[in-house]
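Asker: Please arrange chain B on chain A, whose structure you already have, making use of the hints.
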Amino acid sequence: MLNGLKGLGVTLRGALRSKVTAEYPKEHLPVDKRFMGFPALTWDAARVEPYCTGCMVCVRYCPTQCMTAVMQDNPKFEEGVSHRKKIIESFEINLGRCILCAICVDVCNFDAIEMSHEHERSERLRDANRVDLPTLLDMGQQYQDEVGWKQSKPNAASPDERAAAKAVAEAAKAAEEAEAESEPPNAVEETPDQSEDKEGEDAA
Amino acid sequence: MSFTDILLAFAGILGMFIALSVGVLSLTWLERKTLARIQQRAGPSVVGPHGLLQPVADAIKLTTKEDIIPAYADKLLFWMAPVFVAIPAFMIWLAIPFGDGIAVRVLDLGLLYLVAISGIGVVGLLMGGWASSSRYSMLGGLRAAAQLVSYEIPIVIVILSIAALVQSLSLDAVISGNTITVGDSIRDLPGQGTIPFAFIMPMGLVIFVIAGLAELGRTPFDIHHAESEVVGGPFVEYSGAHWAVFFLAEYLNTFVISALIVVLFFGGWSWPSPPESLFGNDLSNTTTNVLGGVWFMLKTYFVATLIFWVRATYPRLRIDQLMSFAWKALIPLSFGNLVLVAVVLFYDWPLWVMPAVSVPVLIFVATFVQRTRGARGRPQTVRILRRSAGEIGLPVPDLANRTPAGVINQVSGEGQAGD
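Chains as they are written, first to last, in numbering that gives the first Met the number 0: chain A, 0 to 203; chain B, 0 to 418.
For the record, the hints were derived by calculation from the structure and aren't laboratory data. Ideal Cβ positions, reconstructed from N, Cα and C, are used throughout, including at glycine. Any given hint could be a false lead.
[Unchecked claim] Chain A is nowhere near these chain B residues, computed Cβ spacing over 12 angstroms in every case:
1) A56
2) L188
3) P219
4) S238
5) W308
6) L393
[Stated by the list, open to error] Result set (DSS-like, lysine-lysine): computed pairs, CA atoms no more than 27 angstroms apart in a straight line:
7) A:K25 - B:K327
8) B:K60 - B:K74
9) A:K25 - A:K85
10) B:K298 - A:K5
11) A:K5 - B:K60
12) A:K25 - A:K5
For reference, chain A alone in the conformation it holds in the complex (with noise of 0.2 angstroms):
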């Protein structure tokens, strides 16, 4: 009984403490760097257009079904502005579909979609969640902005950006059997492992 009393002090201590609520409409936490929330598409801003080329491989793995998108030529691949030779010409994700599953994400080849840190759509009709392209790349170029985005996949650049990697990689790859020639069992495990990743890239 004379422990019981511990309890009192537990429970004030508890009372001391800061409070740990955040009143959701009022206050907004901030969410974290690796949030995931809605999907996004992301911006290019090199070649001033989206990453996406409308392949359709989101569309197609999606369990839900909540995508569309439409490819066109890339009229800036002809003025020799970009590599892309097809580009999204309309892209709708129905976010009221959308489960945050993120293979979108997992399966697209271009880092074209992100998980942003969107989340607070609450609409009240059934249909307003339905986004279109521009609100897509909008969401997506806040998440680019506020995590400090850079595309993680090196095949997304164009054929020569390309050629200049691989040349590079390859003067690497050069100096470093030159280094392991010294260090033969090194060596032996490392080459096959390069070359392998090179081909992925290239297949890619």
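Answerer: Positioned in the frame of chain A, the structure of chain B alone reads:
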């Protein structure tokens, strides 16, 4: 009795009713804020500044809700039960003094009145439980009756020992002291102006607080409307305004017990009195009376906050723990307290003998209760239930070897496969 007296009485009752309703509303807000604070939440904050108007919103919501009376309910009793619980809770306040001789009705038998009126609430709970024609309500009502009647005893005995200490049943005497003539000598019995009874009679205070909490049916002792066992007890079938009246009565009772703790043990409006240099020592002075009333209410709210704190801390007791605690610990202790007061008064010993004796006794009893009633002690009820269940062939888990019921029965060859 003149017409003015009757008018004044009605005005007093009306004023008291309104003040108490506001008090109850503030108390619900205070409870929710206190609990929220302890659980590191914000509590009500949307309606009004700091959620101050939340109780009003609650009241509007409850009164406009559909009031359902179950088809098989005893309609008259069902309708009357909340009234039976709420009216006594209001009536107790008639006798409680807010200043020197200031109460709605100054009663010479104030303590007796308190005890008499507070007993009526049980009838209402039992009535509601019976009239709802629901098993949960019925069980809850019976639990309420058992619990409240058991805990009434220590409360009455403690009040009795206070009455013995001041040789009066008047609440004014409890606060301001009393002068009696014994044979040829005149004796001044202590009031609480200088030393409140909490320090003279600590055992009485502890008993009164525990039994008072049980009398309220607040959390450590809320077995009669335990949500996980009898889903709300007598209140299961109630909704809307009827339920609101029960709710009102519950908070009123919390208020009453807080006020009683303050009046009986912490000197009501009188202790600690402001220094003479500030307002003079004239107790009939209007300023001192108003200040005394405010002081009394502040103390009452403080005690209510402590009650909420206890609610936020402890889990609910089992019914066998509750009853055995009342009958084996509190009632003997309260009688011991009464005997102590009687002996000290009879032999005219100094008053410090009482705390000097009762504090060690309290500590001893508390450690003893901890030894026997701790987490490992198995209550007698459970043992009896297990034995009788075994006799009629019900599967009983073997607690000593920690095996489930089915295994035991297969080994001993009696009973069916467990699952």
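Asker: Check whether the Cα positions of K298 (chain B) and K5 (chain A) lie no farther apart than 27 angstroms.
Answerer: holds, 24 angstroms
Asker: If you draw a straight line from the CA of K5 (chain A) to the CA of K60 (chain B), is it 27 angstroms or shorter?
Answerer: violated, 39 angstroms
Asker: Quick check for students: does the CB of L188 (chain B) sit more than 12 angstroms from each CB in chain A?
Answerer: holds, 33 angstroms
Asker: Straight-line Cα separation of K60 (chain B) and K74 (chain B) no greater than 27 angstroms?
Answerer: Within the cut-off at roughly 23 angstroms; holds.
Asker: With the threshold set at 27 angstroms, check whether the alpha-carbon distance from K25 (chain A) to K5 (chain A) stays at or below it.
Answerer: violated, 36 angstroms
Asker: Does the claim that A56 (chain B) lies off the interface hold, with its Cβ farther than 12 angstroms from every Cβ of chain A?
Answerer: Non-interface label stands for A56 (chain B): nearest chain A Cβ at 17 angstroms, farther than 12 angstroms.
Asker: Classify the label on W308 (chain B) as holds or violated, using whether its beta-carbon is more than 12 angstroms from each beta-carbon of chain A.
Answerer: Incorrect as stated: the minimum Cβ-Cβ distance to chain A is 6 angstroms, not above 12 angstroms.
Asker: Can you confirm whether the C-alpha distance between K25 (chain A) and K327 (chain B) stays at or below 27 angstroms?
Answerer: Violated - the C-alpha atoms of K327 (chain B) and K25 (chain A) are around 53 angstroms apart, more than 27 angstroms.
Asker: Evaluate the condition: distance from the CB of P219 (chain B) to the nearest CB of chain A exceeds 12 angstroms.
Answerer: violated, 9 angstroms
Asker: Are all C-beta atoms of chain A more than 12 angstroms from that of L393 (chain B)?
Answerer: Given a closest Cβ separation of 34 angstroms, the condition holds.
Asker: Tell me if the straight-line CA distance from K25 (chain A) to K85 (chain A) falls inside 27 angstroms.
Answerer: violated, 44 angstroms
Asker: Does S238 (chain B) clear chain A by more than 12 angstroms, comparing its Cβ with all Cβ atoms of that chain?
Answerer: The claim stands: S238 (chain B) keeps its Cβ more than 12 angstroms from every Cβ of chain A (closest is about 29 angstroms).
Checked against the numbered hints listed earlier, the structure breaks hints 3, 5, 7, 9, 11, 12; every other hint is satisfied.
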